[in-house]
Amino acid sequence: MRQEEFEKQYELCWKRSALIIELYDKRSKQGALDNKLLDEFPALYRKLCHSLAVAKERQYSPFLVERLDRLALRGHQILYQRRWGLGKKVLNFVFHGFARKVQDNARLFWLTSFIFYGPALIMFALTIVSPELIYSLLPPSEVASFEAMYDPSSGAIGRERESDTDVRMFGHYIQNNIGIAFRTFAAGIFFTLGSLFFLIFNGVFFGAISAHITNIEYTSTFFPFVIGHGSVELTAIVIAGMAGIKLGWALVAPGNLTRMDALKLAAKDAVTLMYGATLFLILAAFIEAFWSSSSTLAISTKYTVGTFLWIFVYVYLLFPRRARHEA
Amino acid sequence: MLDTSHTVEIPEGIELSLPVASPLERILAYMIDAVVQLVILIIIGNVFSLFGNFGAGIFAVLYFLLNWFYAVFFEMFNDGATPGKKAMGILVVNDDGTPVSWAASIVRNLLRFADAFPGFHLFGVTCMFLNSNFKRLGDLAAGTIVIHRKKEVQEVVIKEVKAEAPDVSLLSDEQSAILHFGERIDTLSKDRCNELTDILAPMLKADSSEKRMNKVLAIANWLRGRR
Chain A
747 MRQEEFEKQY
757 ELCWKRSALI
767 IELYDKRSKQ
777 GALDNKLLDE
787 FPALYRKLCH
797 SLAVAKERQY
807 SPFLVERLDR
817 LALRGHQILY
827 QRRWGLGKKV
837 LNFVFHGFAR
847 KVQDNARLFW
857 LTSFIFYGPA
867 LIMFALTIVS
877 PELIYSLLPP
887 SEVASFEAMY
897 DPSSGAIGRE
907 RESDTDVRMF
917 GHYIQNNIGI
927 AFRTFAAGIF
937 FTLGSLFFLI
947 FNGVFFGAIS
957 AHITNIEYTS
967 TFFPFVIGHG
977 SVELTAIVIA
987 GMAGIKLGWA
997 LVAPGNLTRM
1007 DALKLAAKDA
1017 VTLMYGATLF
1027 LILAAFIEAF
1037 WSSSSTLAIS
1047 TKYTVGTFLW
1057 IFVYVYLLFP
1067 RRARHEA
Chain B
9 MLDTSHTVEI
19 PEGIELSLPV
29 ASPLERILAY
39 MIDAVVQLVI
49 LIIIGNVFSL
59 FGNFGAGIFA
69 VLYFLLNWFY
79 AVFFEMFNDG
89 ATPGKKAMGI
99 LVVNDDGTPV
109 SWAASIVRNL
119 LRFADAFPGF
129 HLFGVTCMFL
139 NSNFKRLGDL
149 AAGTIVIHRK
159 KEVQEVVIKE
169 VKAEAPDVSL
179 LSDEQSAILH
189 FGERIDTLSK
199 DRCNELTDIL
209 APMLKADSSE
219 KRMNKVLAIA
229 NWLRGRR
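Sequences listed follow chains A and B, in order. Quick note on our numbering: the first sequence kicks off at 747 and runs consecutively. Quick note on our numbering: the second sequence kicks off at 9 and runs consecutively.
Don't take every hint at face value.
[What the hints assert, rightly or not] When the alpha-carbon atoms are kept at most 16 angstroms apart in a straight line, the in silico EDC-like pairs for lysine to aspartate or glutamate are as follows:
(1) B/Lys159 with A/Glu768
(2) B/Lys159 with A/Glu812
(3) B/Lys170 with A/Glu750
(4) A/Lys802 with A/Glu753
Don't read these hints as lab results, they were simulated from the structure.
So here's chain B without its partners, still in its complex pose (with noise of 0.2 angstroms):
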């Protein structure tokens, strides 16, 4: 596949592909983040400066976790998303899938201050196009990997009619294709639908585009077993 996703195999013996979100997306979700952190700034600069010398000094110690530690906490509490991840749709795991451990997200965040060197994030974009899973320094050092969350896939069914089998034999590939076919065609527009049916119109022995996609779905149906 084309798309940008990370392999890791699981003691199971199985390999899961984890998506790995990109730069852009990880920028907006930085900028979010940045808004966020200057909102609560300002709340809590407002709040304690009611309180003297001693809110000043709060303050800072705030300050400083807000700097530092506003990341770690959200990625430690909040299922590895910031909110601006959240909002995302991207989430920081280890690099083998699992939920991001205390020491990696604190070694990621304070690398941090590398990543921003000597401005506007300058080296941690660099090396993010470096590598392939888009990592910035603080995830090499930390071996994290930021993703996207998976969404529930529901479920399909492919339009049932009338089972018919292939005339000519199928690669299990070009089996795939055609299952996906089925399962996909209520999410496509009919011209988009005739279209690439009639990319098989060599094998299909049909004469319209109908007729093509009619044939198509009976071999998908025949493809998943139905009779």
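The shape of chain A in the complex, shown without the other chains (with noise of 0.2 angstroms):
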């Protein structure tokens, strides 16, 4: 068939399907699109795809092929994107997906910890061996801010503060916690390394600091105020690390997979875990910011409660959950 007649043939469907993609771009516009119109979509973007199989095949004007290839693209995009169903997903990932996902990654999760807590628990124990140590990790001078924001008997525990202040902490614990979880997911890619080297600077700095406040005995101010929010701040630094480490490790072992499609396969796994830690950073800046920093409450409240919250993290994370029933 020649090209011209080709044309004739065509020419309806091919206006049509410009006709409809035209209106779905303009759609927000002019208000919803017709059903009936939709419903004709993929029988014309079929033939559509057809005609420009054949168009390329007979090799016709690139003009006309390259005509095709754009309304088979937008057609292509508009029938395959994916469903959003934002609501459900979030209920069903709160509830399951988040847990789900760290169990199926239970030896990760216990690895990653001990990649964190441990090098935590021996600065602590060499930290308050030898108290000078601390001075070796910072320069005096934030040592002696970190001293002068737990000092028991300036009244105002952890930053000074009024009480308007909360809602400025609760900003900075946003932008500063949880960028620091993810840029220790996003050093992970580098063969885990990044993610390995943020767990541990962040596990050395941690112990040392906790250590050299007990070595000057401002326990009573310090550990109310870190228990509550530590909870879920450090468990989500484990799994931003956890996350980080999947996607190194996709590049390390690929397995029976190319490292390309490994890695990809790990990214799925990892953003989830992600969306978790980030969920968690943002309680713990609640808690921080409103909870832990009051200073009206009792030490042992802020016990029982800091010692709830960190038996309900464990057991939300690791109560066995339903078997996934959707992808």
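Put the two chains together into one complex, using the hints given.
This is the structure:
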């Protein structure tokens, strides 16, 4: 068939497809699309794809092929876009998906916990034994500012604050802590090394500070302050590190897959873990800004609630969930 | 073709070609976005500084969102393109050509940190030059690709002249080349047209450039099916 006749035969189909695509692109401006029009589209699209295949095969003029190629691509994008269904997905994630994903990677979770808490404990013990070790980690000015934060005689715990600074600190925690978690994750793509670095670095730092505070006997302010939000915050850092290690490990040991495919698959799992870590960190920022810092609550209340939160986090993550019913 | 394009096979059994965006365009788009982000930062900084500590808290949250989710927001709600990408006429899609998904957009933008390491986006840019689709680390992990927005192709009509059969039989790619020439004739200068048709001088049996060009046009008409 000559191109001329071919074009005559399909022109109606192409014009109609172009019209529907155009209407689809403008749908938000002109309200919803007519359903009848939409029902027409899949059949039109199949015909369009067929005509494109024919046009390519017969080497019809490049402009024609390009025109059809563009129509087919837009059609493909419209018909095969991912569904949202956001509300249901979020609920499912909070109640099942997140914990399930952690449990699917239980060994990695414990390993990452060890990588984070191990150096923290070692550093804690070392700093207790030889207190001057803190100064080889931090400059004296920063040590002094930490001391000032948790000085029991200052009245305000955590950071110097008045009541309206809670919101300010909330913002600060969001920006700072979630940023740390995101960096811990992202750096994992360098064959897990970046995540390991951030985990160990933060662990060592946390261990040394805790020991130093213990050494100077500011424990009555420090531990009641950190126990509450620490449960979600430290666990979130572990999970972010876990996601990063997963990403990097796909490149180190891709198994039967190509490295690229292994990376893509690992990224799917890892991003689910990151949703959870982010959720935890937002929760942590709330607790840290509006609960941990409160100076009107009794220390025993803070310890009780803090302990409860730690138990809750681990039960939430590790209590067996029903098998996934939906991808 | 020499153009950088990424081919996707779709369920309908045909292949679509995605025109891959070049690193230079992406760097320019990135710079535009950096300026846009800076402007937004200055505006929200000034507005929220009026509200004391409360404002500082909100500002920190917004700063965080601007820092990490600026691109995610635009990629999801602006057809895969941040303002910078829109200005450069490029957009992000999944590897299979469909609009970028939430998870993919989040992965590619979180990994921006790794791409930026250790400075001047060294890893990201190096990575772009090490694979055929100019993907940075974030694109590799997320399974996304940055492509040109395809412009609507205007209908082109080959000038109608009396059709003539070619004197020798042509292979299909040769036919395609002549058809394409017929379609582009109005966008080329006369000299360039002559130059191109002169290449065919041995097979055209026409003595002047003018005649050769008319002959090629006539063949294009014939190939198109006009008689």
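Problem set entry | Hint check against the structure, violated hint numbers in rising order | Of the numbered hints given earlier, the structure breaks none, since each of them holds.
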